[in-house]
Amino acid sequence: MTEPYVLETRNLVKEFKGFVAVNDVNLKIQKGHIHALIGPNGAGKTTVFNLLTKFLIPTRGQILYKGQDITPLKSAAIARKGMVRSFQISAVFPHMTALENIRVALQTFEGNSFSFWKSGNTLHKLNARCMELLDAVGLAEFANTTTVELAYGRKRALELATTLAMEPEILLLDEPTQGMGSEDVDRVVELVQKAAKGRTVLMVEHNLSVVSKLCDRITVLAQGAVLTEGDYATVSADPQVREVYMGSEGSGERGASEHQESAEAAP
Amino acid sequence: MNQPVNQTDIQHGILEQQRSEDRKKLMVNGVLLLLLLAAPFVMYPVFLMKILCFALFAVAFNLLFGFTGLLSFGHAAFLATGGYTTGYLLTNYSGLTTEMGIIAGTLVATLLGLAFALLSIRRQGIYFAMVTLALAQLVFFFFVQSKFTGGEDGMHGIPRGELLGVINLDDNLNMYYFVLAVFIGCYLLVQRIVSSPYGQVLKSIKQNEARAVSLGYNVDRYKILAFVISAALAGLAGSMKSVVFQLASLNDAHWHMSGEVILMTLVGGMGTLLGPVVGATFVVNVEYQLSQGPLRDWVDPILGGIFVLTVLAFRSGIVGEVQKFVKKNLG
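Chains A and B, in that order, give the protein sequences.
Residue numbers are given in full-length UniProt numbering: position 137 of the first sequence equals residue 137, and the series is strictly consecutive.
Residue numbers are given in full-length UniProt numbering: position 92 of the second sequence equals residue 92, and the series is strictly consecutive.
Since the hints were derived computationally from the structure, they do not count as laboratory data.
Just to be clear, a hint being listed does not mean it is correct.
[Unchecked claim] Capping the alpha-carbon separation at 30 Å, the derived lysine-lysine pairs in DSS-like fashion look like this:
hint, chain 1, residue 1, chain 2, residue 2
1, A, Lys-213, A, Lys-81
2, B, Lys-24, A, Lys-125
3, B, Lys-324, A, Lys-155
4, B, Lys-327, A, Lys-155
5, A, Lys-213, A, Lys-194
6, B, Lys-328, A, Lys-155
7, A, Lys-155, A, Lys-213
8, A, Lys-125, B, Lys-206
9, B, Lys-206, A, Lys-118
10, B, Lys-324, A, Lys-118
11, B, Lys-324, B, Lys-206
Can you build the whole structure from these sequences, using the hints too?
Rendered as structure tokens:
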């Protein structure tokens, strides 16, 4: 039984008191792809993310992960199955060191997370793996720095490293380059490329140059529904897409990320 | 670029720093222990025991508030349940040794804590506080109406009895060292919990709950465990208190008491280990000193003023401010 799609949604719907935020969305994410979810503000991209990871409960429809129906599962269970998300606002633990941030992720699989009687020193055996992960995103020298003191770009790198610590099979990245300067953007592109080896990535991204560099396949959402799907060339040539998304944006460089609506903010 | 060497160096640095922090902690704890051992020869033991019981209560509360980020406004229920249960058992079953009565009181408070937790844990912030308050009010009215508590009069003449059937607790010094031993055991337990693997998860939940969920943690279960441990220790504090004073009264069940423990924790420094101990010592002393003097009718407004001052000007409490000062000026 080989399932070509790691993640699939069937007629996914989310209604908020009469307003349909996500309307009949059918996604098929192929194993090993970097798949982008794009669309104008309010198109429902982040809502789809929240539905996939069960931070929101779908009104109707099904979510399949490796062919298995995961619609009734809870967020934490989905993460443990190997589908791990990041957030639009950088999600770190601000008053823990960079190393501790990663260690908490590694701890998920240690089976000692309820051991309130054990010494914290039992966690030191994870430190070496933490250092490897920090090194991979260029943060080794900040291992013992309290996260709140790190620059924004570094926080996002730390967040990515923490997500990777979960050894996810599919990585859900919500606007990994949002609010970054061009230097940091290049670093993130590089990191995502590295992280995507042997994995599947689904990302929401506004920056079209990032999308064109990274992504194998693109789904365009508009007003909660799928407008079109294809590779970058196909999608960017589609007149409908040009109209709703790129029409007023020219080349689309940097896109609308600066005008991100709070309505789409993470929970 | 010799990255691997670099990495191990950093790891060693982290371990070394941890060790030096552990040594500092050990020194502070050692000094405090000596002070507490000598204290009953200088001060009235019953007063010291009052401080220790409230300190334990505040330490228990702080585990939930300071380290898990959950503000319970119903902790009086556990203090009172521990006290009444122990008082009732020791008064009516003379075959029970004192420690059995205390253990039973703690267990009943623990179960009550589990019930509270299951009913409230899904609520956030102010809603969580309100649900715990409402539940604690139910418990209060139960105690008011019940015959065995003596209602408004309270429960008097609880026998202190003998520890393990051997050590006579009517002797204040014996009683003091027993209370001290229990207090130290609980304090060390909380210190251990906070630094344990479980404590790391609590920390992460407090700092960013959504992220902890996305890392695969079923956060409700972790919060429930923290709540239950906190309730158990608060119940233990109540049990000890009823034995020390040979009295269990409605005051302990009143919402006023739930407020007072918040005050103690904030004044001392929430989220620090020593903070609630210092805060309880401070509040109990202020209350006692004021009640002796011409300001005896002004205890509540003065405590209220201290509370406002703390929240406005000294956010991190006494211990927090001292830690900041030491860090700034001594390295």
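So, going through the hints one by one against the coordinates:
no., hint, result
1, Lys-213/A <-> Lys-81/A, "holds (29 Å)"
2, Lys-24/B <-> Lys-125/A, "holds (23 Å)"
3, Lys-324/B <-> Lys-155/A, "holds (25 Å)"
4, Lys-327/B <-> Lys-155/A, "holds (25 Å)"
5, Lys-213/A <-> Lys-194/A, "holds (13 Å)"
6, Lys-328/B <-> Lys-155/A, "holds (26 Å)"
7, Lys-155/A <-> Lys-213/A, "holds (23 Å)"
8, Lys-125/A <-> Lys-206/B, "holds (24 Å)"
9, Lys-206/B <-> Lys-118/A, "holds (20 Å)"
10, Lys-324/B <-> Lys-118/A, "holds (29 Å)"
11, Lys-324/B <-> Lys-206/B, "holds (21 Å)"
The structure agrees with every numbered hint stated previously.
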